[in-house]
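Each chain, written out:
There are 2 protein chains.
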Amino acid sequence: MILTVTLNAALDITHHLDRLRPHGANRVRTVAERAGGKGVNVARVLHALGHPTVVTGLVGGLTGRAIRAELAAAGLADRMLTIAGESRRTVAVVEESVGDTTILLEPGPVVGAEEWARFLDHLDALLPDAAAVVLAGSLPRGVPEDAYAHLLRLAHARDVPAVLDADGAALRMALPAGPALIKPNADELAAVTRLADPVAAARALHTAGAGAVVASLGADGLIAVTAQGGWQARPPERLAGNPTGAGDAAVAALTLGLVTGEPWPDRLTEAVALSAAAVAAPIAGDFDPAVHQALQTRVDVRPFATEELKPCP
Amino acid sequence: MILTVTLNAALDITHHLDRLRPHGANRVRTVAERAGGKGVNVARVLHALGHPTVVTGLVGGLTGRAIRAELAAAGLADRMLTIAGESRRTVAVVEESVGDTTILLEPGPVVGAEEWARFLDHLDALLPDAAAVVLAGSLPRGVPEDAYAHLLRLAHARDVPAVLDADGAALRMALPAGPALIKPNADELAAVTRLADPVAAARALHTAGAGAVVASLGADGLIAVTAQGGWQARPPERLAGNPTGAGDAAVAALTLGLVTGEPWPDRLTEAVALSAAAVAAPIAGDFDPAVHQALQTRVDVRPFATEELKPCP
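The listed protein sequences derive, respectively, from chains A and B.
Take my numbering: the final residue in the first sequence is number 356, and no numbers are missing along the way.
Take my numbering: the final residue in the second sequence is number 356, and no numbers are missing along the way.
With the rest of the complex left out, here is chain A (with noise of 0.2 Å):
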């Protein structure tokens, strides 16, 4: 099974109305809500692909009761761990008239350090199972800022690969720990880097600890910068849609080609595929499966050189 940690797991609640009134009082439509945070998104594609998968990170209060609800209703197999605090919630507010989201994120609960001590013995109770390990996401307050750091360490010493997905102070304490994989977005890569190319800030992440380096530039697809060498792999048009857990997609694509060791091009094609899939369905951890299979043979994967590390134009 993968396994997916998601240290400060979501409420994710979509409230849809006509229209937002700002200063008003607004009359929802209708209400769904969904356990969220990026690592319960990406284990909510794998197991959509039939893979098995673990959930795991810190849920509390009533909020963290509504999570597991709903984790168990989706039927992911969940391990999180309980903590005194209350989970987080995040409210899109999604305007049909105007086709545009509005969306709300609580800071979420602070963790005390005896829960944070008893999380990384749970974690790594749980990683002896697991083909590899998903860290995604934001860091709740009381987690040490190398918290990433820590669970990589945990993950080696168990031979489990890890894929992290997190950005600014998070991503960089962690490159050290040696992560098999991380996945910046465009803006992620350049403020961790402080660096315009997106290729020479891979690059950089690489050397700095990162087995590989995909980075997701959006509509241009994805570059990678790896071991084996450098690929940019990019969808055949604009996709319109939701990009939120488009990342997800990609980062549950990239994990499965880890765990399988397919070739590094049919790794990013099956990844563009899947988040391109993932823009053209409407909630962050779905994807529609007719775009994900139309693409799988139109996706344009071309190497770079390594010595040069540029994109083909």
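Among the hints, a few may not be true.
Simulated restraints on C-beta separations [what the hints assert, rightly or not]:
| id | chain 1 | residue 1 | chain 2 | residue 2 | range |
| --- | --- | --- | --- | --- | --- |
| 1 | B | Pro286 | A | Asp172 | 49 to 59 Å |
| 2 | B | Pro187 | A | Arg70 | 13 to 23 Å |
| 3 | B | Thr73 | A | Ala116 | 22 to 32 Å |
| 4 | B | Pro286 | A | Gln336 | 54 to 64 Å |
According to the in silico footprint, chain A covers these stretches of chain B (three or more CB under 8 Å from chain A) [stated by the list, open to error]:
| id | stretch |
| --- | --- |
| 5 | 57–71 |
| 6 | 108–122 |
| 7 | 148–155 |
Hints in this document: simulated from the structure, not taken from any laboratory.
Fair warning: this is a prediction, and the values are worked out from it, not measured in the lab.
Beta carbons are placed, not taken as given, at the ideal position from N, Cα and C, and that holds for glycine.
Chain A is already provided as a structure; the job is to place chain B on it using the hints.
Below, chain B alone, put in the same frame as chain A:
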């Protein structure tokens, strides 16, 4: 004790942030949550004034559990009935740099016919201990449109005076069942009677079955049309603040007046003072005790001729 009924109880969530960016991702700085709905807010005011209260109504799901947990934390006696549906949330997004608030109102659960029948029995069992009952707020889906008429007949059979704060069809259909007092605001009064003059409208509702009609006119205070005469009560000045909850504070004061049998001018003075004190407090259900006390001697109450039913100039 005074019993308050909130058929569509809510979990009121408040998100504080600097400024809301529509169509963006907004990080919430702090989150507060409390049990809400008009009847709960009325009970909170009565409880703060030291009067024994019991809250009942319908709650369900994990949101219902969060509502009950907060009622317990607030020291409010909770006799809510649990239903299968999920209670609604309201989200108030407070922009601290602007001083303005955007509100999202979820529709709430659908109540089953068997659940509604069970609530009638549940309320009937609580009524013998009540000095008065307050029926306040919107009806959840699934409850009959004449729900308040049913509840008023139960109260009447137990000789318990009932105060109703409702609008639209729920108010109109309840009038023949003879509530002791109703408290529409200016908009509700106009909508239900199609009369522009609030005094004429209040008189129409009095004739239609309400023992007394006290209409809240915002900064213009209250007008009362009762069997004992007509009055207008005005605050000494316009108060800035949060008008949400001002009506609930007025209902709390008027219900106390009904129980104690004080003269109408005293009841109206207290209702205006408590309303103004609620406007001065940031959260619905709270009031500012200093404002409450300061205004008790400063409310201007004048009778108007019952034949004409025109407020004094």
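Results for each hint:
no.	hint	in the structure
1	B:Pro286 with A:Asp172: 49 to 59 Å	57 Å, holds
2	B:Pro187 with A:Arg70: 13 to 23 Å	21 Å, holds
3	B:Thr73 with A:Ala116: 22 to 32 Å	30 Å, holds
4	B:Pro286 with A:Gln336: 54 to 64 Å	55 Å, holds
5	57–71	holds (count 11)
6	108–122	holds (count 3)
7	148–155	holds (count 3)
Violated hints for the displayed structure: none, as all numbered hints are satisfied.
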